[in-house]
Every structure is written in C-alpha cells, then in structure tokens.
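Undergrad: Okay, here's what each chain looks like letter by letter:
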Amino acid sequence: MSVRDLIALSATEAIAALKAGEVSSGEVFTAYRERAEEHGGAGHGRLNCFSWIAGAVPDDTPPDAALAGLPIAVKDLFCTEGVPSQSGSKILEGYRPPYTATAVARLQAAGAHLLGKTNQDEFAMGSSNEHCAFGPVLNPWERSRVPGGSSGGSAAAVAACLAPWALGTDTGGSIRQPAALCGIVGMKPTYGAVSRYGMIAFASSLDQAGPLTRNVADAALLLSHMAGRDEMDATSLSLPGPIEMPSATDLKGVRLGVAAELGAQSGEMSGGIEPGVRRAFEQARALAEELGAEISEVQLPHAPHALAAYYVLAPAECSSNLARFDGVRYGLRSEAEDGDGERGLLRMYTPTRHDGFGAEVKRRIMLGTYALSAGYYDAYYGRAQRVRTMIAEDFKRAFERVDCILTPTSATTAFELGALTGDPWAMYLNDYFTVPMSLAGIPAISIPCGLAGEGLGPGGAGLPVGLQLAGPAFSENRLLDVAHALEQAIGFDGSRAYA
Amino acid sequence: MIDRDEVLHVARLARLSLSEQEIDSMRHELSGVLDHIEKIGELDLADVAPSTHVADIAGALREDEPRRCLPPDAALASAPARSDDGFLVPSPQA
Numbered sequence: 001m002s003v004r005d006l007i008a009l010s011a012t013e014a015i016a017a018l019k020a021g022e023v024s025s026g027e028v029f030t031a032y033r034e035r036a037e038e039h040g041g042a043g044h045g046r047l048n049c050f051s052w053i054a055g056a057v058p059d060d061t062p063p064d065a066a067l068a069g070l071p072i073a074v075k076d077l078f079c080t081e082g083v084p085s086q087s088g089s090k091i092l093e094g095y096r097p098p099y100t101a102t103a104v105a106r107l108q109a110a111g112a113h114l115l116g117k118t119n120q121d122e123f124a125m126g127s128s129n130e131h132c133a134f135g136p137v138l139n140p141w142e143r144s145r146v147p148g149g150s151s152g153g154s155a156a157a158v159a160a161c162l163a164p165w166a167l168g169t170d171t172g173g174s175i176r177q178p179a180a181l182c183g184i185v186g187m188k189p190t191y192g193a194v195s196r197y198g199m200i201a202f203a204s205s206l207d208q209a210g211p212l213t214r215n216v217a218d219a220a221l222l223l224s225h226m227a228g229r230d231e232m233d234a235t236s237l238s239l240p241g242p243i244e245m246p247s248a249t250d251l252k253g254v255r256l257g258v259a260a261e262l263g264a265q266s267g268e269m270s271g272g273i274e275p276g277v278r279r280a281f282e283q284a285r286a287l288a289e290e291l292g293a294e295i296s297e298v299q300l301p302h303a304p305h306a307l308a309a310y311y312v313l314a315p316a317e318c319s320s321n322l323a324r325f326d327g328v329r330y331g332l333r334s335e336a337e338d339g340d341g342e343r344g345l346l347r348m349y350t351p352t353r354h355d356g357f358g359a360e361v362k363r364r365i366m367l368g369t370y371a372l373s374a375g376y377y378d379a380y381y382g383r384a385q386r387v388r389t390m391i392a393e394d395f396k397r398a399f400e401r402v403d404c405i406l407t408p409t410s411a412t413t414a415f416e417l418g419a420l421t422g423d424p425w426a427m428y429l430n431d432y433f434t435v436p437m438s439l440a441g442i443p444a445i446s447i448p449c450g451l452a453g454e455g456l457g458p459g460g461a462g463l464p465v466g467l468q469l470a471g472p473a474f475s476e477n478r479l480l481d482v483a484h485a486l487e488q489a490i491g492f493d494g495s496r497a498y499a
Numbered sequence: 001m002i003d004r005d006e007v008l009h010v011a012r013l014a015r016l017s018l019s020e021q022e023i024d025s026m027r028h029e030l031s032g033v034l035d036h037i038e039k040i041g042e043l044d045l046a047d048v049a050p051s052t053h054v055a056d057i058a059g060a061l062r063e064d065e066p067r068r069c070l071p072p073d074a075a076l077a078s079a080p081a082r083s084d085d086g087f088l089v090p091s092p093q094a
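Chains B and C, in that order, give the protein sequences.
The opening position of the first sequence corresponds to residue 1 in my numbering, with each subsequent residue numbered one higher.
The opening position of the second sequence corresponds to residue 1 in my numbering, with each subsequent residue numbered one higher.
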C-alpha cells in the first residue's frame with residue numbers, strides 16, 4: 001500500500017487493514033511519524049501542532065489488540081509517563097509525569113501507540129490556540145488563520161492528516177470549536193463519561209476528554225475504549241451500556257430541536273453569525289428534514305446567560321486548580337532578587353507564577369479569584385451556580401420534546417491570527433454555542449457540514465463550518481447515530497486540507 | 001471599573017506579582033469582562049438551588065485500605081530543588 005493510500009484510511013479502516021495483515025503497525029506508525037515531523041513541528045510554514053513527536057517506532061503490535069497498534073496524537077495536558085506533558089505552559093516546560101492519564105492508558109492497553117503530544121492554548125484556556133507558550137498552531141485550511149482552541153493542535157493534526165485521530169479536552173467547547181474550524185469531527189461526552197485522572201486540570205466540574213477524528217464512526221470507536229468508571233476519578237461514571245458503532249442511514253422518527261437562543265435566530269449572535277455559516281446551518285437543517293427528521297422549535301431561555309455564568313465558574317475553578325503551580329514540586333521555579341520586598345515563600349510563589357503563566361491564564365486566575373473573594377462570592381459565583389441549574393433544567397425540559405438539539409458550533413469560520421487577541425470578551429464569544437452544553441454536562445458533537453467564505457481555503461472553496469448536535473446525558477449512542485446519518489448525507493470531503 | 005487597590009488585593013490573594021503596566025491592563029481587561037458577566041445580575045434566581053455538580057454522585061469512596069502509592073523518589077524526581085526526602089523551598093522566615 002502506498003503511503004498516500006495508507007494515510008487516506010480512516011482510523012476504523014486502518015485498523016481493519018492492520019488486522020487483515022495488509023499493512024504492519026510499524027509501517028503505519030512510520031508513515032504518520034514522518035508526516036508529523038515534516039509538517040507538524042515549529043518553523044516556517046509548518047503547522048506547529050506537535051510539541052513532542054515520538055522518536056522511535058514501537059515494536060510491531062499483535063493484530064489481535066483492539067486498536068491494532070494505530071498511532072494517536074494526544075493533547076499536551078494528558079499526563080503521559082516519561083513524556084513531556086506541559087499543558088501548553090512555560091510553567092510546566094519539560095515536565096515529565098511519573099504516571100499516565102487513565103484515558104490514555106486505556107487506549108494504550110487497547111493497542112494504541114502515542115504518536116505525539118499536541119499543542120494547545122495554555123491550561124486549556126482559549127479558543128484559538130494563540131495562547132500557547134510554544135507558539136500558535138496554524139489552520140491547515142488557511143495557514144494565516146487559527147485552528148480554534150484549546151485543542152487546536154489535535155484538531156490541526158487530524159485535519160492535515162498528520163495523525164489518524166487525536167485526543168482532546170473540552171471545558172467550554174475546546175474540542176467542538178476547533179473541530180468545526182478545522183473541518184473534522186469532535187465530541188464532548190456526558191460529564192463523567194471519561195475519567196479525568198491524569199488530565200492537568202483547568203475547571204474540574206467542566207473538563208472532559210473526547211475524540212477528534214475524521215468521521216463519526218472513528219469518534220465512537222475511540223470513545224468506546226476510553227469511557228467508563230475509573231476508581232481514580234470520583235466524578236467518573238459508568239455508562240448505562242457500551243458505546244455502539246453508529247449505523248443509521250436516515251433520520252426517520254428522530255425529533256430534532258432548534259432553539260431561537262442558539263442559532264435559529266440568536267439575539268446577541270444574529271449580528272455575529274457569518275452569513276456563510278448561517279447558510280450552511282440552514283442547508284444541514286433542510287437535509288435533516290429530507291432524511292426524515294421532525295424539526296421543531298425549543299426554548300432555552302437561559303442560554304444567552306450561559307457565557308457569563310461560564311466565565312465566572314470556569315475561572316473560579318481554575319484559580320483553585322492552578323494554585324498548585326508554585327515552584328515547589330515540579331515545573332518552573334523563579335526566586336525574587338534580594339531587596340524585591342517579598343518575604344519567605346512568597347519570594348518563590350509570586351515570581352514563579354509571574355514568569356510561568358501567560359497573559360490569558362493570569363487574567364482568568366484574577367477573574368476567578370475576584371469572583372470567589374469575600375464580598376463578591378454570592379454576587380458572582382453563587383449566582384453563576386444558579387444560572388447553571390437553570391440552564392441544565394432548560395435542556396431537560398427541551399429533551400422531553402426532542403431527541404437532539406441542532407446548533408451551529410461556532411458563529412464564524414476560522415478567523416485570522418491576531419484578530420481577537422486584543423479583546424478578551426470577543427474571544428470568549430467563540431464559545432457562545434458550546435458553553436451551554438458544558439454547563440449542563442450533556443454530550444455534544446460537532447460535524448463538518450459545509451464550507452463558507454469565498455476565496456478562502458484550498459482552491460478558494462471556503463473554510464469549514466461545523467454543525468453541533470447535543471443530546472441528553474448518556475444519549476451518546478443516539479447522538480452518534482444521528483450525527484453519522486447526517487454526516488453520510490452531507491458527504492464533506494476534508495482531504496483538501498491534507499498537508 | 002475595578003480600582004487599582006482591588007486589582008492589587010486580588011493579585012495578592014492569587015500569588016501573582018504584576019508590573020505597573022500589567023496592573024493597568026488587568027484593570028481594563030477585568031472591568032471589560034465583568035461588564036459582560038454582570039448580565040447574570042438581571043435574572044431572578046431567588047428560588048433556584050445552586051449547582052455544584054451536574055451529575056448526582058454519592059458513595060464514590062473506596063475502602064480505606066492501604067495501597068501502593070507513588071514511591072518517594074518518583075514524587076521528588078521533578079522537584080526544582082530537593083533534599084534526600086523532601087522538597088527544598090526558601091525558608092518562610094527569610
């Protein structure tokens with residue numbers, strides 16, 4: 001099999017080829033490793049999606065291992081024993097953990113091999129991958145533009161075909177939004193479905209690991225090998241049943257919902273949804289109807305407040321989670337010069353955190369600390385927790401009438417590097433459609449549904465647009481089935497973005 | 001607009017040192033974000049219970065029995081400064 005043919009195989013197809021003996025796991029690993037080295041590192045014109053690439057090809061794997069030795073790219077914030085795990089931050093530069101995250105360990109036990117660690121926004125805070133201490137990641141569709149974030153490195157690697165699939169994390173949209181901007185599939189499972197043990201934490205009540213893949217079937221396969229209760233993570237849950245491979249070919253009997261507050265006609269956002277994105281969304285909706293789905297309007301009255309609530313809760317949780325970075329046990333340590341005025345342990349804590357954290361991280365720590373401080377706790381954090389309850393209830397009520405909710409994943413296609421870094425709230429608006437599902441803890445998936453933006457992208461055909469589908473907690477199988485049926489009907493071709 | 005003293009107070013709580021320039025930009029950026037966040041002040045949330053957690057989990061504790069844990073050398077391996085059996089830090093009295 002030629003390298004070109006080999007890399008064109010989806011993860012599911014590649015595993016079948018490996019099991020059939022058509023190709024060896026060594027050959028597959030070598031092919032991807034060479035592509036990752038050539039296109040995925042830092043430097044002129046390259047995508048900078050990898051902060052670390054495996055130096056050696058693993059010994060051939062027995063073909064009866066479920067994942068047959070297929071390589072996988074893993075977001076930097078997953079602890080991988082002995083391999084740099086930096087969460088995109090200077091404060092953890094070169095850190096090699098003494099253990100491996102459960103999600104990764106389960107995949108390795110199933111036969112997956114670690115291809116590389118991918119760049120990300122620092123501590124998973126960002127929607128453009130520009131806040132990475134190791135440089136921005138570029139979008140393979142248009143290299144002057146962002147891949148989205150914070151799992152931008154994973155998304156770009158899959159979109160450029162430098163890895164067959166990748167692991168990312170989603171706190172407010174960090175898998176779904178880069179998947180949309182890079183024209184691939186990205187899924188955030190139900191909160192608790194995948195263990196967070198070994199994931200360098202950002203916001204503990206929101207963080208979830210999930211797949212970034214070329215198609216929905218691959219996402220289901222990857223999820224099936226990661227999901228399930230882990231005794232090392234007390235917030236992880238057993239799913240009611242195994243994750244099944246999707247098979248639906250139409251949407252007969254499926255009830256879909258669209259919400260005025262999220263895309264059907266968004267108030268704050270209607271000015272902000274790019275016309276091309278709106279067109280692609282409406283086309284996908286029409287296609288769903290042709291496939292037999294019944295579409296109705298649902299109400300999510302508190303969805304417009306989700307972003308504000310999120311930007312209280314997530315920074316508050318991060319301010320607590322990032323307190324551990326103090327120069328004591330791991331990572332960077334800086335010390336104050338004599339005469340700087342600091343005493344005792346503050347001589348180490350404050351300069352370490354000043355030198356080690358980037359601007360966005362500092363902003364969020366400050367925001368979170370403020371929201372939790374005496375005098376402000378009830379007004380901000382207390383209120384945000386209540387808004388969260390209302391949003392979860394809005395979804396529960398909507399799901400009494402529909403099986404899945406349809407929204408655009410992002411209001412825009414990939415924007416230019418530097419376009420939004422000057423205005424924090426403008427950057428946060430990228431999470432508008434994804435944050436409500438995170439707050440409610442429900443699963444959601446983004447699939448590519450078209451292109452928009454004449455003159456942009458390879459051949460000037462446009463940049464990818466993502467369609468988001470959300471379902472009630474633990475409805476992964478139905479969600480994957482609906483997404484799969486739509487995906488097959490849409491027939492999106494992402495190969496133009498291959499490096 | 002949050003004032004300079006509040007920024008310094010919060011920075012202290014967060015163990016962040018900020019330069020003069022950073023104090024100023026942080027004031028503006030935080031105030032800008034807080035303006036948008038204030039939105040949640042509009043809602044009537046009197047009878048709503050706060051969510052600390054989305055899923056209803058109870059009894060997630062394991063049996064209280066000793067188990068193998070990270071060996072001390074592995075735990076100290078990444079330390080910027082270590083002694084035989086501990087992390088070395090500046091003296092709190094310094």
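Because the hints were derived from the structure by calculation, they are not lab data.
Be aware that a few hints might be false.
[Claimed, not checked] Pairwise CB distance ranges, derived in the manner of DEER restraints:
#: 1; chain 1: C; residue 1: 36; chain 2: B; residue 2: 143; range: 48 to 54 Å
#: 2; chain 1: B; residue 1: 99; chain 2: C; residue 2: 2; range: 39 to 45 Å
#: 3; chain 1: B; residue 1: 301; chain 2: C; residue 2: 55; range: 22 to 28 Å
#: 4; chain 1: B; residue 1: 329; chain 2: C; residue 2: 24; range: 30 to 36 Å
#: 5; chain 1: B; residue 1: 81; chain 2: C; residue 2: 52; range: 41 to 47 Å
#: 6; chain 1: B; residue 1: 232; chain 2: C; residue 2: 50; range: 23 to 29 Å
#: 7; chain 1: C; residue 1: 2; chain 2: B; residue 2: 19; range: 55 to 61 Å
As the structure is a computational prediction, the values presented were derived from the model and not from experiment.
All C-beta atoms, glycine included, are put in the ideal place defined by N, C-alpha and C.
Undergrad: Let me make sure I understand: some of the numbered hints might not hold for this structure. Which ones are they, in numerical order?
TA: Result: hints 1 and 5 break, sorted rising.
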